[in-house]
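Novice: Same order as they appear, the protein sequences are chains U and W. With full-length UniProt numbering, the residue at position 311 of the first sequence is 311, and numbering never jumps. With full-length UniProt numbering, the residue at position 92 of the second sequence is 92, and numbering never jumps.
No lab work stands behind these hints: they were computed from the structure. Bear in mind that the values here come from a model prediction, so they are computed numbers and not experimental data. None of the hints are false.
Stretches of chain U that chain W covers, calculated by requiring three or more beta carbons in the stretch to come under 8 angstroms of a beta carbon on chain W:
1. 104 to 114
2. 180 to 186
3. 217 to 226
To list a few chain U residues with every Cβ distance to chain W over 12 angstroms, as calculated:
4. V29
5. P64
6. G94
7. E140
8. K166
9. G171
10. K174
11. P175
12. F176
13. L203
14. K208
15. G234
16. A258
17. K268
18. E271
Cβ coordinates follow ideal geometry from the N, Cα and C atoms, glycine included.
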Amino acid sequence: MAPSRGLLFRLRPSIQSIKSQCRRYSQFVAAATDPTLKARVFISQTTNPYLNLSIEHYLLQKTPADSTVLFLYANSPCVVIGRNQNPWIEVNLGVLRNEKLDVKLVRRRSGGGTVFHDEGNVNYSVICPTSAFNRDKHAEMVVRALKSLGAEKARVNERHDIVMDKGDKEGILKPFKVSGSAYKLTRLRSLHHGTCLLSSPNLQSISKYLRAPAKPFIKARGVDSVSSPITNVGVEISKFREAVASEFRSMYGIRPEASDSFLLVDEKAREVPEIAQGLDELLSDDWIYGQTPQFTFSTENTTTTADEPLTSAWPTILRECEIGFTAKHGRLTEVSVDFKGRVDEPSKLTLRKKLSYISSGPVEMKQMKSPLINRELHKINDWEEVLPPFSGTDGEPDVDASPGKTMNRLFGVGNYEPSVYVG
Amino acid sequence: MASIARSLRPAASRFVASSSRRAPSWRISPFQVRSFSASGAAQAKKYTKDHEWIELSEDKKTGYIGISEYAAHALGDVVYVELPTTPMEVKAGDAIGAVESVKSASDINSPISGTIVAVNELLEERPGTINKGPEDESSAGGWVAKVEVDETGVKDLDDLMDAAAYKEFTAEE
Chain U
1 MAPSRGLLFR LRPSIQSIKS QCRRYSQFVA AATDPTLKAR VFISQTTNPY
51 LNLSIEHYLL QKTPADSTVL FLYANSPCVV IGRNQNPWIE VNLGVLRNEK
101 LDVKLVRRRS GGGTVFHDEG NVNYSVICPT SAFNRDKHAE MVVRALKSLG
151 AEKARVNERH DIVMDKGDKE GILKPFKVSG SAYKLTRLRS LHHGTCLLSS
201 PNLQSISKYL RAPAKPFIKA RGVDSVSSPI TNVGVEISKF REAVASEFRS
251 MYGIRPEASD SFLLVDEKAR EVPEIAQGLD ELLSDDWIYG QTPQFTFSTE
301 NTTTTADEPL TSAWPTILRE CEIGFTAKHG RLTEVSVDFK GRVDEPSKLT
351 LRKKLSYISS GPVEMKQMKS PLINRELHKI NDWEEVLPPF SGTDGEPDVD
401 ASPGKTMNRL FGVGNYEPSV YVG
Chain W
1 MASIARSLRP AASRFVASSS RRAPSWRISP FQVRSFSASG AAQAKKYTKD
51 HEWIELSEDK KTGYIGISEY AAHALGDVVY VELPTTPMEV KAGDAIGAVE
101 SVKSASDINS PISGTIVAVN ELLEERPGTI NKGPEDESSA GGWVAKVEVD
151 ETGVKDLDDL MDAAAYKEFT AEE
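Isolated chain U, as found in the complex:
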């Protein structure tokens, strides 16, 4: 680092020295809505992803229309899917729900694809008048900040992501993504938020959370993720925050001594009614799962190239059983099970009418509606209850030939818990 830069750093007020912490939520509200401040910086001290997104949404809705806001936050481990994405395509829910590392599933309000957050990833969010909105402007601001910290190779690519060239395993220089962006545009105010991987200890395990076993069998409306090789920038979080805040200050003319333009926000922000309401919405199953665009699952879909061989996703022994369903708002609307040659039933057996239990012989269930229709997919804890194993040659259930068990694996059931706020 150049000596002159060191001097600059000393002249800047350090974030740690800022005393204007909101002790009461009313102070935060007053600062967020103060019409005299044309630009301001908020730094979050909570790592709850749902709360941070709710504070951010509050700032989008409530800060004065002509002002520009920078909000910096980091989240505890979570997978964040885009507004119009499908968790069963984007996320390995089984791994997420059953791992020691408590990784939350979050759906954000902005568009775009799925990202992983942890405390080594700092999120920057810039809210500005829609008339001044531009997809690259603030990514470029972050690039300048990264360069000032020595990451000379950082640049914005054509997908509005920030990448850095780095040698891959063979030593060939390739762009690695360090930051991804997404946007929410409203009438007067627009939001651009982006991740920045600085020092995540979880880089190696991220792909395991994001590899959804059901993906090859799903055809869906909605938005795809584009996966990219990622890397850490390798700078300190506090230095990154200061550098981004500093670039923001010079862009928007905040005087370095204007301490009222810098505010720390903590979990007391939950007391703001609008933030509490936004938090409830983000935590609700209706939002996390119910916002999923319509999709169909079929063991016969299998058109996409799978990450793993299809035979392991849907074992050969189960090929005689075809399962399919359509889900709207995350609820099953049509279910069909075709047992082909294994039973004496007509080949297409719709669970809406009847259900055949193989292990105990075909059972007519005409009186009973399919136990699956209208069920919320994420709450089906055990598919084996309705799809028991085939019977083997000895007449006993064949545990290796259980469509239900395979469905359990594809949809990551078990250990489902509703999302709750934990401060």
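Since the structure of chain U is provided, determine the placement of chain W on it from the hints.
Specialist: Then chain W, alone, in the frame of chain U:
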């Protein structure tokens, strides 16, 4: 937003999001687009500052709502459209849907008060239709919703811009 989103119906097919900021070759310049629906002579089309349009039928009882050519072009390739469940009572400015394009979620707001009685289901399967003919209310067009209008809704029209004023407005942006 989540509360609004809950009342929105997902609709779109799957595209790889490709950012396209250049003007697509099919793009017709604004204000040339004029479609003719069976409803006969329609009232003059009006525009909001949010870049929605509304065109009332001759009897002023119903109208079509959509996003403007300018907006469709500015948004880029639309990959997903959220449509409202009908019927849905709305006030002017209420969100009736949202579009996603180039990682951006943008609200579609109702230009006037009324009741949304139908949505353009074509957008569920082919969201790109909204780019091709955003101001086209024909069955193959990219209109978003059909609204039943009451007196308040008709009055709301006074606050909106006509085509010439909107053209001027977008030239300033």
